[in-house]
Structures are given as C-alpha cells and as structure tokens.
Amino acid sequence: MWTRAGQRREWGERILGSALWRGVVALLAGALPALAFPAPSLWWFAYVALVPLLLLIRSAGSGRRAALDGWLGGTGFMMAVHHWLMPSLHVFIVVLAALLGLLWAPWGLLVSRLLRGPLSAAAVVAAVIVVPCGWLMIELARSWEALGGPWGLLGASQWQVTPALRLASVGGVWLVSLLVVAVNTALTVLLVASAARTAAVVSLVAGAVAVGTVWMWAPQPERSGVARIAVVQPGVIEGPGSVQRRFARSEELTRSLAGRDLDLVVWGESSVGVDPVRRPDVAARIAALSRLVGADVLVNVDAKQTDASGRTGIFKSAVLVGPRGLTGDRYDKMRLVPFGEYVPARSALGWATSMGRAAGEDRLRGTRQVTMTLPGASALRIGPLVCFESAFPDMSRRLTRDGAQLLIAQSSTSSFQHSWAPAQHASLGALRAAENGRPMVHATLTGVSAVYGPQGERVGAPLGTDTSGAEVFGVPLAGGTTLYVRLGDWPLYGALGILAAFCALEGIRSVRGRPSRSVPVGAVAADDGAASVQPTRPAAESGTEPESRTEPTQ
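Counting from 91, one number per residue, gives the positions in the sequence shown under my numbering.
Please keep in mind that the hints were generated in silico from the structure rather than gathered at the bench. From a predicted model like this one, the values you see are computed outputs, not experimental measurements. One or more of the hints may lead you astray.
Taking CB as the label site, the calculated pair distances span [unchecked claim]:
1) H508 x G578: 30 to 40 Å
2) V316 x R369: 27 to 37 Å
3) G559 x T288: 50 to 60 Å
4) D484 x E547: 16 to 26 Å
5) D452 x R576: 35 to 45 Å
6) V601 x D452: 46 to 56 Å
7) L118 x V181: 14 to 24 Å
8) P253 x G578: 15 to 25 Å
9) E103 x W580: 43 to 53 Å
10) G153 x R401: 42 to 52 Å
Even glycine gets a Cβ: it sits at the ideal position worked out from N, Cα and C.
Take the sequences, apply the hints, and build the full model.
Written as structure tokens, this is what we have:
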C-alpha cells in the first residue's frame, strides 16, 4: 500500500514538474468553478472548486511559477464560463480569455505568499481574509464593460441559495463572492497544514455564524401588493422575414392575454425591428394590443432611431406603448456587449467581424437610466434594463434609488439557444432582486424568461428555450430599502483597504529586513501535511543521492 502511495506521489510530482502538464492542470483547475453556474447549477461545488487551483499555486517553486499558474487558472475559468461565445468569436475567445486571465497573475503571487510554508494560526486568518479580497479585485476589474462586464462573478453561482441571497441584500453579489472564496481557502488550509487546522475550522465556524447573523438581522422587504405582469416569448423564428414573423407571433400571443386583468405586458429584446416613430402603422398595431388587453406594452426596438439629443444611429431601446400610442417613455441601452453590439477599437479589430458574429455596425449608447410610471391607480414605477445590463449590480441599484418598484430586463440569447447562456442570464435576476428588495422580470425572445420576487425567490414557472407562449405572473411588490441599496459596494472598498494594509505591512517587513516566509525550492519537508524548513545539504555531505529539486505537493 505504501509502495502504491509512493508511486502515485512520484507520478504526481512528475506531472507537476513538467511545465506543459502543469499548465494543463492549471487550465483544468481554473475551469472547475464553471460547473457551479447554470446549466449544471452545482451551487455547492463553488465552495470547493477553487481548492485544486489553490493547492497547485501553493506548490509553485517560485513567484514566477505561482503567477503563471494563476494566469493559466484564470484563463481556464474565463474559457469555461464564456465557452458559449465560441460560435460568435471562434478562436478569438481564446485570445480574450488569455488576456483577461492575466488578472489572476497577481492573485497567484498573493496566494503563494500567504499559503506556502508553515502556517501559524495568524497566517491562516490572514489567508482566509486576504485571498478572497484579492479575488474580489479581479471581479471588480473585469466588471468594466470594456473587459466584457461582470458575467460569471463567483457569487452569482449562489442565485438559488436563500442564505446567500440574504447576504446579497447586505453587500451585493460581492459579499457572496468573498464568502465562497474564504470557504475554499479555509478548506485548502485544512488539507495542507495540520498544525493550523484549528484556526481553519474556527474561520469556517465564524463564517457560518456571520451568515446566520445576517439571516436573522438583515432587513427584509416590506410586501406592498401584487402586480400582474405578462411576459410574451415568441420563441425561435429564423429565416427570411424573421423580424416581421416574430412581430406577428408576438401580436398573436398578446391577443391571447385579453381579459386577464393585467398591469403590464413585456416583450423581449429586439422584439420590434423598426422605429415606431417613423413607422406610425407599427405603433398603431401595438397601441391596439394595449387597448385590447387593458395594459401598456413594453417593447424593445432594435433599429435606426434618433434620440432626444438628435443623434441618429442604431439604438436598442425599451419603449412603452399605451392605448393611445407611444407614451414618450424610452430608455436607450447604455452598456453594450463588446463585439456583439460594437467592436472595441474597430479600426484595429474590425477583422473580428469576418471570423464570427461580431457587430457589423456599432450601436449607439444611451446617456442616462430611466424609470417609467404606468397609468392607473397604482402608478407602478418600472426600471428597464436591456440584455446583459442585468449583470451590472450598480444599474439596478440606481433604478431602485430612483424609485423603481419593479425591475425589468429585456433580453435575447437566441444566438446561444442550446448553450448554458440562457439559464445563466436568467439566474442573474435572482441576485438583482435580492440585492435591491425589488421584484425582477427577465423577459426574452426565446427563453429562458423568469420572474423573481423581492427576496430573489422564483415566482411561477420559467418559460424555457423550447417554449413559444405568453404567461401571466402575479409579481409580489415590496417597499423598504436593503442595506446594499443604502451602502452600495462597501465590500469592494473594504477589500481594497485590507489589501492596501497587507501591502503596507509587507513593505514594512521588507524594509526592516525580517525573514521572508517564502520557502526555498527543495527545502520543504512534508510531515502529515505540514511543511517545515530544512537546511539543504550537499549530497556528499549527507551520504545520499541528490534529492529531487521539485517541491513535493501536499
């Protein structure tokens, strides 16, 4: 048995000692957290998925190797979470993933610095706090729209876990990400540092107590009635004349809603392919539907239009139409999908349009967020978002602060119909609802359409990607203000402060000439999972064969 264990250990050392195979392991380890997101939705896996990557980085023989492991792990993560973009970007997705993966290189150095060598109780506490803060800085950086936006934030994998949603109401998805990475870090310590396991267990218990405290103490939304919202999902319609046929199908489905006592009918993104201002006949057809069902219709126009400032170009706009026609309420999408709706630095990267489905013409951006007030005694105020704007926590928070009682995201993922993208996109509505204490309607052309209550709970059954139909949802409304709406992205600022303090302490130690905690390669001796520094003697002096220069994995 010991021989087999030794053989397995030797085999593992050979793999990790090979630059090629170690790189492959890093890519695969980085990709593992993608399984926690829809469609697999193994939410519990998120709490252990980072452990292999943390162990790999810990075994790095140098800071350079740790940074490289971090970069490759980040590349694997970005590839796995965005793999459904392959039909649109082809090989370019590999380039983008590798560039964004560079954000994980400093994190690799941070992990190596905090987890290598013998770990004291204080070192464990520092690692459990600082490593998640470093991860959060990666999520902050890649949340910039030009870098693809905040798709695949680790905390978003917990969209169906009630305690995590309550945590999101206090600190947004950022606080959930911190919790997930902290648990992974503590579990890593449990595996490799027997002398510090008590501190790791205490850290896990403290995290559980904190979540329980939030569960009991965090303010909950104050229920204030129910709105009857209908979602119209025409389904997949392709081929010649698809825009006109989709519009006709949406008309047909909307007519079926007559007599259902509705407050609003919502169509998906790009549901109208012409400017209703220039085409009054189209506006009249939608107005007739509004009169028939007794409610305004929120459509989405994807066409050349002119905005209030006189700019003319292709906008994606949420447009409210009432019984008398256009109400004048319009929101132009502000945050556009890179390559899908515009090509960054088109003069240099315009060639991407010949390799996939990159935008042939750039859309124009809106300039401000808009809330709309529905007619009637309730005067319900809605806050529209378009497509992946539902991934940005700050946008739904702004709408809530501006008085929105109902958040609405109009989307279309028809290009990625048979991938994980529709389910991933729909799941974001749960996070946004919980963060703001406001219900969220996610309406799409082709599915998944879903509705969530003010605590992130699912309302009714979603309309899947195989559905063409219309559904009415009794959406619970709520008042009050969550701590996230009041305080904003405070976990980000806290993480920045902690990292700044850590860097300052490291700088002071360096100036004072204190011994570094980094351990020379070949000087780590494994003893039931705990590493200790041993002097390395020449082979002639020890009377034995020279030892392998590869640090044993633990």
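> What are the numbers of the hints the structure violates, in ascending order?
Replying inline: Those not satisfied: there are none.
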